Amino acid sequence: MSASTSIYSLNKTNREIERDILSPMEKFPGKLWWFTFIINAGLMLMMLGLIGWTFVEGLGLLGINTPVSWGLYIVNFVFWVGIGHAGTLISAILYLFRQRWRTTINRAAEAMTIFAVMTAGLFPLIHVGRPWMVFFIFPYPNERGPLWVNFRSPLLWDVFAISTYFSVSLIFWYMGLVPDLANMRDRMKFEHVQGKISSFGKKLKYAFVRILSIGWVGSGKTWIHYEKMVMVLASLATPLVLSVHTVVSFDFATSVIPGWHATIFPPYFVAGAIYSGFAMVMTLMIITRKAFKLEAYISIKHLENMGIIILVTGMMVSFAYTMEFVFAAYSANAVEQYVFINRLQGPYAWAFWTMFACNVVSPHFMWSKKLRTNIVVLFIISIVVNIGMWFERFVIVITSLHRDYIPSSWEMFIPTWVDWGVLVGSFGFFFFWFLLFVRTLPSIAIAEVKMDEGHDQLAKGMGH
Amino acid sequence: MKSYELPGKIKNILLAFIVIGIGSIVAGFTVDAQRAWAGTLALTYFLIVLALGGGFFASLQLISGSGWSVVVRRIPELAVNTLYVVGGLIIVIFLGIHNLYEWSHPEAAHDHILHQKHWFLNTAGFVIRILLFLGLWIFMGRWMKNVSIKMDSTKDESTKKTLVKVAGAYILIFAYTFSLASIDLVMSLEPHWFTTMFVIYVFAGLAYTAFSALIILVYIVQKNGALKEVNEEHYHDMGRFLLAFTIFWAYITFSQHMLTWYANLVEETVYLERRLRDGWALFTPLLWIFHFVVPFAFLLSRELKRKPEKLIRVAAFTLFMGFVDVIWLVYGFLDSKKIGFPFSWMEAGIFFGAIGIFGFIVLNSYTKVNQLPVGDPKLKESLDFHQTY
Numbered sequence: 000m001s002a003s004t005s006i007y008s009l010n011k012t013n014r015e016i017e018r019d020i021l022s023p024m025e026k027f028p029g030k031l032w033w034f035t036f037i038i039n040a041g042l043m044l045m046m047l048g049l050i051g052w053t054f055v056e057g058l059g060l061l062g063i064n065t066p067v068s069w070g071l072y073i074v075n076f077v078f079w080v081g082i083g084h085a086g087t088l089i090s091a092i093l094y095l096f097r098q099r100w101r102t103t104i105n106r107a108a109e110a111m112t113i114f115a116v117m118t119a120g121l122f123p124l125i126h127v128g129r130p131w132m133v134f135f136i137f138p139y140p141n142e143r144g145p146l147w148v149n150f151r152s153p154l155l156w157d158v159f160a161i162s163t164y165f166s167v168s169l170i171f172w173y174m175g176l177v178p179d180l181a182n183m184r185d186r187m188k189f190e191h192v193q194g195k196i197s198s199f200g201k202k203l204k205y206a207f208v209r210i211l212s213i214g215w216v217g218s219g220k221t222w223i224h225y226e227k228m229v230m231v232l233a234s235l236a237t238p239l240v241l242s243v244h245t246v247v248s249f250d251f252a253t254s255v256i257p258g259w260h261a262t263i264f265p266p267y268f269v270a271g272a273i274y275s276g277f278a279m280v281m282t283l284m285i286i287t288r289k290a291f292k293l294e295a296y297i298s299i300k301h302l303e304n305m306g307i308i309i310l311v312t313g314m315m316v317s318f319a320y321t322m323e324f325v326f327a328a329y330s331a332n333a334v335e336q337y338v339f340i341n342r343l344q345g346p347y348a349w350a351f352w353t354m355f356a357c358n359v360v361s362p363h364f365m366w367s368k369k370l371r372t373n374i375v376v377l378f379i380i381s382i383v384v385n386i387g388m389w390f391e392r393f394v395i396v397i398t399s400l401h402r403d404y405i406p407s408s409w410e411m412f413i414p415t416w417v418d419w420g421v422l423v424g425s426f427g428f429f430f431f432w433f434l435l436f437v438r439t440l441p442s443i444a445i446a447e448v449k450m451d452e453g454h455d456q457l458a459k460g461m462g463h
Numbered sequence: 000m001k002s003y004e005l006p007g008k009i010k011n012i013l014l015a016f017i018v019i020g021i022g023s024i025v026a027g028f029t030v031d032a033q034r035a036w037a038g039t040l041a042l043t044y045f046l047i048v049l050a051l052g053g054g055f056f057a058s059l060q061l062i063s064g065s066g067w068s069v070v071v072r073r074i075p076e077l078a079v080n081t082l083y084v085v086g087g088l089i090i091v092i093f094l095g096i097h098n099l100y101e102w103s104h105p106e107a108a109h110d111h112i113l114h115q116k117h118w119f120l121n122t123a124g125f126v127i128r129i130l131l132f133l134g135l136w137i138f139m140g141r142w143m144k145n146v147s148i149k150m151d152s153t154k155d156e157s158t159k160k161t162l163v164k165v166a167g168a169y170i171l172i173f174a175y176t177f178s179l180a181s182i183d184l185v186m187s188l189e190p191h192w193f194t195t196m197f198v199i200y201v202f203a204g205l206a207y208t209a210f211s212a213l214i215i216l217v218y219i220v221q222k223n224g225a226l227k228e229v230n231e232e233h234y235h236d237m238g239r240f241l242l243a244f245t246i247f248w249a250y251i252t253f254s255q256h257m258l259t260w261y262a263n264l265v266e267e268t269v270y271l272e273r274r275l276r277d278g279w280a281l282f283t284p285l286l287w288i289f290h291f292v293v294p295f296a297f298l299l300s301r302e303l304k305r306k307p308e309k310l311i312r313v314a315a316f317t318l319f320m321g322f323v324d325v326i327w328l329v330y331g332f333l334d335s336k337k338i339g340f341p342f343s344w345m346e347a348g349i350f351f352g353a354i355g356i357f358g359f360i361v362l363n364s365y366t367k368v369n370q371l372p373v374g375d376p377k378l379k380e381s382l383d384f385h386q387t388y
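Chains as they are written, first to last, in numbering that gives the first Met the number 0: chain D, 0 to 463; chain C, 0 to 388.
Just chain C, with the same shape it has in the complex (with noise of 0.2 Å):
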């Protein structure tokens, strides 16, 4: 099979993207130094989504023994790729602890709440787990990349049964090393605060985001002149996922806030009662009506989720909230009479190069490989798919 052959139109477009995402947090840095740093956490912490979320996106069809979306899953499996210009922004995270995470501070020694974590949360800790996650997800992703890739030649059973096993292993080393990366990335940049449902909520949002992300480059490179074996059937199915996930972040969201009012815990509340002030108190309830009342009214048509034209823009548009509620969960620790409204030009640019990069890279590997993983046993499966209902 052909593979494809990525347009110089578009390739420079994504990396228009990538300079004014560079343009942009150096223009920061010069304005405000503090809300630059933590840009830069919500651009790595991002990445990060985009790329598990393919793994994650990969390793579900084929554990679930999906047939439907075999068309589809070449895109996801790359998205691995991404994760090295993860490990370079990992190293400015580390360079700019300070900055970002109070619990590193010699002063954290006097706060009770914080010298009783330290044996969590301390520099060396955060270093060695953070690139412990990194070193298992770009290990799993390429062995389950890997794999896939080989079973185009192989067109065998087994080299499915092995693929299968991967992607199991995968979802469940995924499962905790991003809850717990996301603990030391995120929920530690507020080191008082803490809620047990926080790994749900990143996850839900990762769904979401990968689900939108999916769309978007199927249907870039569709234009482009490749996938042609996609039709509104695999669409309908994957503007299904996104509507599903898109409720599911509501009732994560709506769980974890109704019993953080309902309790009224302080070391709980504050998490809330930050993020409804000055800047926030627009934010916060914009984030909830576009992340989820918008996308949801949209999505529940049928006819829209079988037009690609359509189903991209609402995709697009939940790619960009997906981006925002990283904004919402990264941005909090900052102190918000200074920041204003927390979504500014600089968090404009962070997200177009955010795009810029993740696109980038993951269309480019495209070029390298088959289309379709075409020594797939459910391929034809996937070829002759139509929706009954």
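This is chain D alone, in the form it adopts within the complex (with noise of 0.2 Å):
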């Protein structure tokens, strides 16, 4: 980077810095915050009772049925695993690309990658009908005889690759948090020696500050290790951010089910769950700068910058619909034709056009500057793409399989009120987690902000 003093200047002290974004966490939570709170924690529950609902009673009470034995528990997943992509992709692959504009949002979105790979985490747990098995995919040495996984089952790649992305991209996000963890501890400490720690609550959180901050000192040598620690990190976690789709997508595409089996199925899948995944942190970073007033540091232009991301992405999105329509029309085979014909003109045509409006319309609007810089736009944009890219998912788990290859095999899912329930109590679920985190942990990178910063001014003070 060039010694230059940029856009994304801040021109705080670090004193600022800190009271700005570690405020939320030193104070009790307002009454908007327990209001939102209180509804997400009722409809996970809401959730997690249905659930209980359907171990007892059995998957019959979803629309699932022969042909389509794939119903909304997948869409969720692959739609939730979506999300989970931009975390990661901020904080590893736009760290490889210089991009500075990714410190002040890295770490809110690699929490909510954490909390949207947890919720995916859950659909295929629930969709397998008798979860107590589900130990079963676990390759450990066993005396069930010669009973092991199936290695050559993409739906056990799945459990290696979101498993091992989970990990890493939790590692990575907690390793982040270290030197904020011990700034906190820091200001702690200063009230400690003045007495002002005395309630339980508060001197709890100071032990578990003091332990997360694992005996960080910040001395000159702890910043080279830790820097060294990142890039490498960032280079690791970046195929992994691209793996996880690509297994995803070979769930679908190594079958031969004539809308599913498709080669370009990995790299079109990545592309949107980026899509995706940067919608939705757009819509979860607008809320927090709002309620936090972060404006300044989550500024337009960190805005304007995933606006433009959402649009490149989305005319990738669009470039893989055309090119299935393109190759199915070039097939010269009757079944791959028909899907493509019934997604347009089929039962569920509404899904697809809503897909289309969402998905292949919506991002268009990006070029326009003025409306990528206002954030009523962006907000309303965020949401629709998220909406559009869940209908993707729909299109291709449900159109595909609702009519098989002989009509008596045909038959329309329709989702019972079980599995919309699940679907909005898995936003609950994801909400819960992630207003947790907010007011516990800092939601923007600290250390990170107040380098850049550090950066500017020397670059200030020798008149660049």
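No wet-lab data here; the hints were simulated from the structure. Predicted, not measured: the structure shown is a model, and the values here were computed from it. Everything hinted at is true.
Have a look at the derived ranges for each label pair, beta carbon to beta carbon:
no., chain 1, residue 1, chain 2, residue 2, range
1, D, S166, C, E302, 28 to 38 Å
2, D, E226, C, G22, 47 to 57 Å
3, C, K160, D, E410, 48 to 58 Å
4, D, G460, C, M257, 47 to 57 Å
5, D, Q98, C, K160, 12 to 22 Å
6, C, G22, D, F324, 41 to 51 Å
7, C, I127, D, V231, 48 to 58 Å
The C-beta atom is built at its ideal place from N, Cα and C for all residues, glycine as well.
Put the complex together from the two separate chains, hints included.
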């Protein structure tokens, strides 16, 4: 990076930065937070209740049937895994691309990734019907005779890919947090010396930040090691970002079902995942910056950049849709062609056209500088894109299955209220964690922001 | 700013390469005409890849607002000039359409699948589409180049804004037209076969080839007394891009072949199966090793990417492998029993011919313009550029 002040300069002192970012963690949450938290916790409990009911009663409560044996659970699974892509993309890939604007959004985006992957992980678990047997998929030495997991099954690769991604993302996120936790610890230490830490809650919090900051001292040597580690983790996390949705796409593409078997699926799914992930980051960032008054940190320029990424990835997704249709037309394969005509005109055409309007048309509003610097427009687009990406998975999963090769095995898939309840509840589950996060951990990487500010101050001093 | 003078030695070498290339094709026609037709197509397609690769690089740097790459952007902007030669070669391909494309034969009407594809795979449609794409590429590439050259004298933000818009349009048009042109020129050589990943596969190969060519051209120019502004910091980033696309190619290749193998659909597997028989049995694994494994291992080194004289060796090798990949794509329709090992003196000669044509045109155009986009508002950022990690 050249030594010049950047448009992202804050012109704030370290003390101000700490105060701005840490103050939400040092106050008792307000009414708005409790209100949203209780609603989301309620939705989460509803979901857990419904899941418990399906365990007792069976999967007959859902809309799945033959041939549509993969219903909304799988749609939701792919949707949430997709959301979980932006965080590590921002923290790892944008880091490698030297995108400075990632500094203020990476922490919350990484947290979002972790919660989204947790949410996604629920669905295969409850989809199998007998979740107490799920441990079968772990390849550990067992005494069930020659029984071993099927290494040729992409469903098993999913377990490996997602758990690896989750572990590395968690480590990356936590390692980034360490200097900030130490910062929180040192601020509390000051209060401790003054005798201000008296309540049990505060003592507990002090103990936690002391343990979690694992003896961080912030010496020059520590920072050298730390920077090296970030680089190595970023390089390791980069292929993982691509691998997760690649493997998820294998779940479909390895099959011989028309509409599922397409070799373009891996990069197409990854582009879609980044697209939806960025839309979700945008939704969350617009809310967070408003609620915690962080507008100076997550500026309109940051949101504009995210808007541009949404535009670019949206066009990549459109390209993939186009190519699917081009190849179906070219294929001279009646079944392949029928699947795509059925998407356009069949009983689920409404889902296809919803997807089309949301994913293909809506990002093009981002061409206009005026629109992509308008927060209301960005907020609406971010939600529209997420709706579109949910429908994309609906179209892929449901429309490809509901018409089997012979018309006698055609069946419509109609989600039941339990299906919808679990979908709504999964949002409650996701926001439950996210709301806990924003109140307990710094949602902006303080140390990184200070470092960038330091560079700017230095550059100014040198007269560049 | 003084423009660059191409030393006579380099000029002679490149002209000699062109002579070797033409000689190989002419000799090839006397030995095995069918193979020579395929070789001509490979030459044409490789030149398209090089020319569009330059435009892709320039437009990617422009739309991403990149600062570091300004000093190396002029050369890839000029790659478009190669497309005039491609225009000539395309006429030759049109003349030889029956020697290359099975669907153009009258018997194709009796083939059920080819008959159904006739609405797309017919001579008139093919000719019109290719001419349209070529015209668009030349128009867009020239437009981008001209605006960039205009910026050398205007030196203002508004010209840069126009340039970024042109680059955006370029990359969008490039994505669709290059994909469709590749379907026409290459995929339809085996007209019963199709796979959706094909369009991404050829793009991965294009980016890989383009970055190799860029590194080599910058190095040659620099060795002969110009572009002194480019230092190891810039080479490091070009090397990183090459590494990234080496990995990307492997990712796409693996995904395509693994999914083909797994699903094992007759119309799809035939493509890979054909390329694992006879002469291909050795060729294909070698392609995977030398297109990915070996350059990947070398390019991981930070040291190597920062030493131009070392990086250039890897780049020369990857450029060659980019050509070998084109052979892999194009030659599959030939009778594998007859051709033996799909790489012989003729293909080697064609490779020299291709780099001769491309190198000569681009370097010759380079002597007529400013060495750097001197009017670019980000030029200073590029000159001051240094790696922080």
